[in-house]
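**Student:** As a plain string of letters, each chain reads:
2 protein chains.
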Amino acid sequence: MPVLLIVVDGLSDRPIDGKTPLSVARKPNLDRLAEMGINGIMDTIAPGIRPGSDTSHLALLGYDPYKYYSGRGPIEAAGVGIEIKPGDVAFRANFATVEGEGSIFDKTVVDRRAGRIEDTSELIKALREIELPVELLVERGTGHRAAVVFRGEGLSDRVSDTDPKAVGKKVKRCVPLADDAKAKKTAEIVNEFMQKAHEVLENHPLNRERAEKGLLKANALLLRGAGEMPHVPSFKDKTGLRLCVIAATALIKGVGRVVGADVITPEGATGNKNTNLEAKVKAAINALESYDVVLLHIKATDELGHDGDFEGKKAFIEKLDEKIAPLLDLDFSKTCLILTADHSTPIKVKDHTADPVPVVIVHEDVRRDEVSSFSEFEAYKGGLCRIRGMDLLNIALDLLNIAKKFGA
Amino acid sequence: MPVLLIVVDGLSDRPIDGKTPLSVARKPNLDRLAEMGINGIMDTIAPGIRPGSDTSHLALLGYDPYKYYSGRGPIEAAGVGIEIKPGDVAFRANFATVEGEGSIFDKTVVDRRAGRIEDTSELIKALREIELPVELLVERGTGHRAAVVFRGEGLSDRVSDTDPKAVGKKVKRCVPLADDAKAKKTAEIVNEFMQKAHEVLENHPLNRERAEKGLLKANALLLRGAGEMPHVPSFKDKTGLRLCVIAATALIKGVGRVVGADVITPEGATGNKNTNLEAKVKAAINALESYDVVLLHIKATDELGHDGDFEGKKAFIEKLDEKIAPLLDLDFSKTCLILTADHSTPIKVKDHTADPVPVVIVHEDVRRDEVSSFSEFEAYKGGLCRIRGMDLLNIALDLLNIAKKFGA
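Residue numbers (the UniProt record's numbering), protein chains in the order written: chain H, 1 to 408; chain V, 1 to 408.
For reference, chain H alone in the conformation it holds in the complex (with noise of 0.2 Å):
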């Protein structure tokens, strides 16, 4: 009896002339959903508040994010692979180009991307030799950004970032945020790898080949978004069940693991709109024999609406809604599937925004409304009227009679 919860990444919309890419895509199959389950919007995180796809994710999963999230660097941290361990203080990296004279802090930032370097594996690999007081997790991310984890006794979060965040700038030296020990130790720390990383990455093979091609050398590691990863009650000791998430973001396959789910990312899903849909959705039907919750990250939708890409948009919900097809077929007297979004990305502010989004949930046992479609304009007419993110796992595993009883 297993949950299927497809989480399509920005969604919903803000109406342009009253019309938005849900609204007006050919989309019979998700129509058929809704015509099938119950329906309502949603407030992933609260009404108002702008959720960030990490916090609502973690909502959705029934984690409340205002306890346990403490930045994108773990999260990020734990998307590239680290297994990051409550207490480690990890932080967003990407490789730069610096020049000038004197220590990693009298340099200059010439590329925030260093050239927008591909492959860093050989460097990633050198700059784990690094000796430091704690523990050093270093790991790549795509292109030229990565992460960097600190590990041991007595760290904290509350430190500056050493990115300039702009070129022409100087790498900033990390300083504490807080006056107390453990933030002055992560500072010194954090300094102490800035330049021993230089150092290992300016006289480093890749380095001197690429200078003699020409290209700009990937001779910094600029750091920033530093977080304390929280400890987090895995998914299977707080609900007992088993969880999988089939994502290719990093940033979703790093909440799947900071929960210790199962990570699947099916061959050729890249979280674009070219991503295999197909082997997306075979993959979670796949997993709905194993586990009992699958989360299925469709990641696309939000990119096209951070493009501010209308007919993008529309074109893409179009493919998903054939994609999905064979979900039509599962045995709802079994499954329960759930089809919403983590927060709106409107076509019109090219980013994320609080504008509830449409939920509904497929099972046998529901009751069924009169929706009939899927969309911003529907969906709040339906049997769920307005629910939190925090509450939706909840209401499928009552369905599934999986709940426990909260009294007698």
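Source of the hints: derived by calculation from the structure; they are not laboratory data.
Glycine included, every Cβ here is placed at the ideal spot set by N, Cα and C.
Covered by chain H, according to a simulated footprint, are these stretches of chain V (three or more residues, beta-carbon under 8 Å): (1) 364–378; (2) 383–396.
Taking CB as the label site, the calculated pair distances span: (3) V/290 / H/19: 29 to 37 Å; (4) V/386 / H/408: 23 to 31 Å; (5) V/67 / H/233: 26 to 34 Å.
Based on the hints, put chain V in the right spot on chain H.
**Tutor:** Leaving out everything else, chain V in the frame of chain H:
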């Protein structure tokens, strides 16, 4: 990109023979706003919790009243113009007539309004000269009303009223309501004030004049509703936004001052049904030029509800509808207009109830719904479904893209 929040006090009702003043009033402009906007119902505090106008206005401004409300005293004191500070203990007070021998506590209340005395300004001046172990602040309210504030170390609001709340009863001695030194100290100071105030008033020339004219002496000040002013972050500090409150009612002006708003009472604004609505609407339109959030409070609907005057409430709603016509010409690509109430004051109950209030949010970017009439019987069919007072401003700030993202 400002928010205009129009709060029509006690606007909504319970039906009598299926009708409410709002549902039967002729109100083309209010209905037009409903048609242009997204509608819903709102529990200003929580479902089933009967709001005061003070607690509900705190909630509508985003302040949790369970955290920031400590009784009517401090808010009334702020409302009449006392610059109240955290830790101050404030009382509502009324000038009264007492008779008998001995101390103030041996005397009997003859009239709780001192013959409906109008001008107490000379008496207030004299009271301010009283010497106490702590600082004393006194300010007149309307008619026989006043506010009294004690300021100093170690005071508490856990003390009883001195107002016996009935004629023919003796003035009550203030007693501590908690077994601690602060409450004991405060009660002693209150009792010292009661006696000294009585002496000052009894011998005041104005009271000798009143006696000569056969009027009742205003020879005592009765205190009730002790409240300690809590630490309330200013609206500006909390949100970064400039708030203006347009109101004539002391309680609402007090809420405004407590949160650090600029408070405007336009010429002719009275807080009753003869108030100058044109002036209030004009002041609101002007305020939108220089503030981020403008709260326009309209009081008379509540009074007419307390009076159980169905026809009077209906007639005032029709007048209000006419006078707000200029607001329909606001530029809703910039301004977000919210029309709602702080609570219901049903004709049949003659007091506040928790029946949810209708709310409409008008802005170019809202997801318009099919509601085209502003009433208790239509609002719930709208796209907002059912929200809470604390969420309202967040929803508006999200619409105006002022909201910050929580997460990544």
